[in-house]
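Chains as they are written, first to last, in full-length UniProt numbering: chain G, 1 to 278; chain A, 1 to 278.
Keep in mind the hints are simulated off the structure, nothing from the lab. Be aware that one or more of the hints could be misleading.
Here are the simulated distance ranges between beta carbons [stated by the list, open to error]:
hint, chain 1, residue 1, chain 2, residue 2, range
1, A, Gly-246, G, Glu-74, 56 to 66 Å
2, A, Arg-106, G, Ile-181, 14 to 24 Å
3, G, Ser-132, A, Thr-214, 24 to 34 Å
4, A, Glu-169, G, Arg-97, 16 to 26 Å
5, G, Thr-13, A, Gly-246, 43 to 53 Å
6, G, Gln-25, A, Ser-132, 17 to 27 Å
7, G, Ile-181, A, Asp-247, 34 to 44 Å
8, G, Asp-57, A, Arg-106, 30 to 40 Å
9, G, Gln-202, A, Asp-71, 48 to 58 Å
10, G, Met-1, A, Asp-247, 21 to 31 Å
11, G, Ala-44, A, Glu-215, 17 to 27 Å
12, A, Lys-179, G, Ala-44, 52 to 62 Å
13, G, Arg-97, A, Lys-179, 55 to 65 Å
14, G, Glu-195, A, Asp-138, 55 to 65 Å
The C-beta atom is built at its ideal place from N, Cα and C for all residues, glycine as well.
There are 2 protein chains.
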Amino acid sequence: MLYLIGLGLGDATDITVKGLEVVKQCSRAYLEAYTSILTVGKEALEEFYGRELILADRETVEQEADSILKDAKECDVAFLVVGDPFGATTHSDLVLRAVKLGIPYRVIHNASIMSAVGCCGLQLYNFGETVSVVFWTDTWKPESFFDKIQRNRQNGMHTLCLLDIKVKEQSLENLMKGKKIFEPPRYMCVNQAAEQLLAIIQNRKLQGEEPEITENTICVGLARIGATDQKIASGTLQQMTMVDLGDPLHSMIITSTLHPLERDMLKLFAVDDSSFTN
Amino acid sequence: MLYLIGLGLGDATDITVKGLEVVKQCSRAYLEAYTSILTVGKEALEEFYGRELILADRETVEQEADSILKDAKECDVAFLVVGDPFGATTHSDLVLRAVKLGIPYRVIHNASIMSAVGCCGLQLYNFGETVSVVFWTDTWKPESFFDKIQRNRQNGMHTLCLLDIKVKEQSLENLMKGKKIFEPPRYMCVNQAAEQLLAIIQNRKLQGEEPEITENTICVGLARIGATDQKIASGTLQQMTMVDLGDPLHSMIITSTLHPLERDMLKLFAVDDSSFTN
């Protein structure tokens with residue numbers, strides 16, 4: 001059996017009792033380590049689970065899936081994913097490959113950032129399409145996510161922005177030389193995401209547009225949701241460029257029309273109460 | 001401290017290790033029992049947690065919140081919610097009241113149906129507004145959710161439909177007589193939701209409209225997600241009137257444009273493969 005097990009958000013103790021039982025008894029346990037992170041590393045998980053974990057980076061999962069699935073017809077293999085196995089990232093490829101090989105599979109769900117952001121008080125019902133905000137480079141500054149946020153807002157829907165993660169990336173030079181030297185991991189913070197959004201708004205204004213989203217649009221910055229030291233800050237997009245939310249992972253929400261109860265909840269996390277007076 | 005603890009979906013073992021520790025050691029533990037259900041009842045939870053739970057129905061939570069929060073400044077009180085405490089239903093009211101009373105609170109997240117539906121293979125990114133489908137009565141047949149589904153679909157977004165739950169409802173007669181006699185709980189199944197949608201489509205056609213959603217629109221029926229005996233069925237809306245998914249809780253998804261990987265995943269659950277050939 002292939003078990004896809006969500007680890008939730010936070011630390012080692014956020015796994016479910018059901019998930020922990022499987023992790024303890026299975027033959028091999030892989031840790032997917034490229035789409036999200038917990039506040040603790042592999043070693044802390046191994047200590048809590050009382051077993052060895054095999055780190056599975058993107059290359060392993062995409063190119064060596066068969067080694068992950070080896071013998072999974074006869075024994076139990078666990079594939080551990082931060083959050084939920086079908087949350088922000090789906091692992092459909094692995095499931096489809098398992099099914100093709102006649103290997104039964106089971107999903108053990110857990111909290112995903114896609115639903116846990118509800119803790120800021122915004123109704124999950126009222127979210128539209130989720131967008132990814134990627135790190136801009138000197139030559140690549142995609143803006144398409146901005147149009148999705150605008151469309152959501154026009155329809156009265158909030159937008160969850162998942163912020164870029166760069167793990168095990170090679171520099172262009174090392175890539176061309178075929179050198180397997182990796183850059184340090186990078187995680188986009190709320191400040192950077194807000195800066196990029198403001199830059200797009202500037203661009204649009206220069207082009208004569210009147211963007212639906214402005215520097216005064218109410219946003220929510222979230223960091224390390226589920227961890228003991230999680231932080232939530234609400235305020236204008238402009239204020240989001242200045243908030244200090246600390247270590248990764250960060251996410252950001254661009255709000256649309258706020259219901260009174262949503263507004264009351266967001267005020268609990270206000271950078272500056274006066275942002276909510278209008 | 002007030003702890004809002006998600007129980008996840010499925011059974012008693014779907015609580016997180018972190019959540020279980022709090023439940024075991026807190027002074028009082030309430031079980032919110034009117035917005036969702038697990039496949040096991042209060043007794044099974046009490047046995048697994050090794051402690052007594054206080055059942056909190058809608059009346060208690062809405063009218064006697066102060067009794068729930070009593071002494072929570074000095075001792076730990078746990079409020080247990082099926083799924084995630086800020087998932088399909090938010091418990092903002094309770095949090096706001098706690099904050100007002102100067103009681104600190106913490107959320108222990110878990111799987112919510114809002115994200116767990118990703119296990120059918122549809123990307124959570126591509127979901128628009130979530131809708132609730134309520135039981136129609138002879139005199140009350142709201143259709144507004146249908147327009148939301150249509151708008152989502154026009155925007156290329158799937159729609160999660162949460163199906164009605166009626167717990168501790170009084171008949172009109174008993175309500176008028178002030179008799180606290182409650183009807184047996186009712187949970188809408190996928191067949192009923194599909195029938196109501198087909199009825200709306202018929203109505204719209206009679207009014208000369210050409211609905212975006214038809215009897216051939218691909219839908220997904222989901223039952224008891226997270227439980228060992230969960231069931232998923234994909235097929236046309238027409239087929240959804242006939243699938244037998246068994247016991248509650250059920251949810252339904254109305255799909256929009258399917259990406260190839262989404263289509264491949266949905267085929268795993270097809271009522272009839274030929275629905276996916278067009």
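Now the hints, each set against the structure:
Taken as a hint, the range 56 to 66 Å is violated for the pair Gly-246 of chain A and Glu-74 of chain G, whose Cβ atoms sit roughly 30 Å apart. Evaluation of the 14 to 24 Å hint for Arg-106 of chain A and Ile-181 of chain G yields a failure: the beta carbon distance comes to about 42 Å. The given range of 24 to 34 Å is respected by Ser-132 of chain G and Thr-214 of chain A, whose C-beta atoms sit roughly 32 Å from each other. The hinted range of 16 to 26 Å is not satisfied by Glu-169 of chain A and Arg-97 of chain G, whose Cβ atoms lie roughly 47 Å apart.
Checking the proposed 43 to 53 Å range against Thr-13 of chain G and Gly-246 of chain A shows it is violated: the Cβ atoms sit about 33 Å from each other. Taken as a hint, the range 17 to 27 Å is violated for the pair Gln-25 of chain G and Ser-132 of chain A, whose Cβ atoms sit roughly 40 Å apart. Separation of Ile-181 of chain G from Asp-247 of chain A is about 55 Å and departs from the stated range, judged on CB atoms against 34 to 44 Å. For Asp-57 of chain G paired with Arg-106 of chain A, a C-beta distance near 33 Å keeps the hint of 30 to 40 Å intact.
About 53 Å separates the C-beta atoms of Gln-202 of chain G and Asp-71 of chain A, a value consistent with the hinted range of 48 to 58 Å. Taken as a hint, the range 21 to 31 Å holds for the pair Met-1 of chain G and Asp-247 of chain A, whose Cβ atoms sit roughly 24 Å apart. The hinted range of 17 to 27 Å is not satisfied by Ala-44 of chain G and Glu-215 of chain A, whose Cβ atoms lie roughly 52 Å apart. For the hinted restraint 52 to 62 Å between Lys-179 of chain A and Ala-44 of chain G, the CB-CB distance of approximately 57 Å keeps it satisfied.
Between Arg-97 of chain G and Lys-179 of chain A the beta carbons are some 59 Å apart, a value that agrees with the proposed interval 55 to 65 Å. For the hinted restraint 55 to 65 Å between Glu-195 of chain G and Asp-138 of chain A, the CB-CB distance of approximately 57 Å keeps it satisfied.
In this structure, the hints that do not hold are numbers 1, 2, 4, 5, 6, 7, 11, in rising order.
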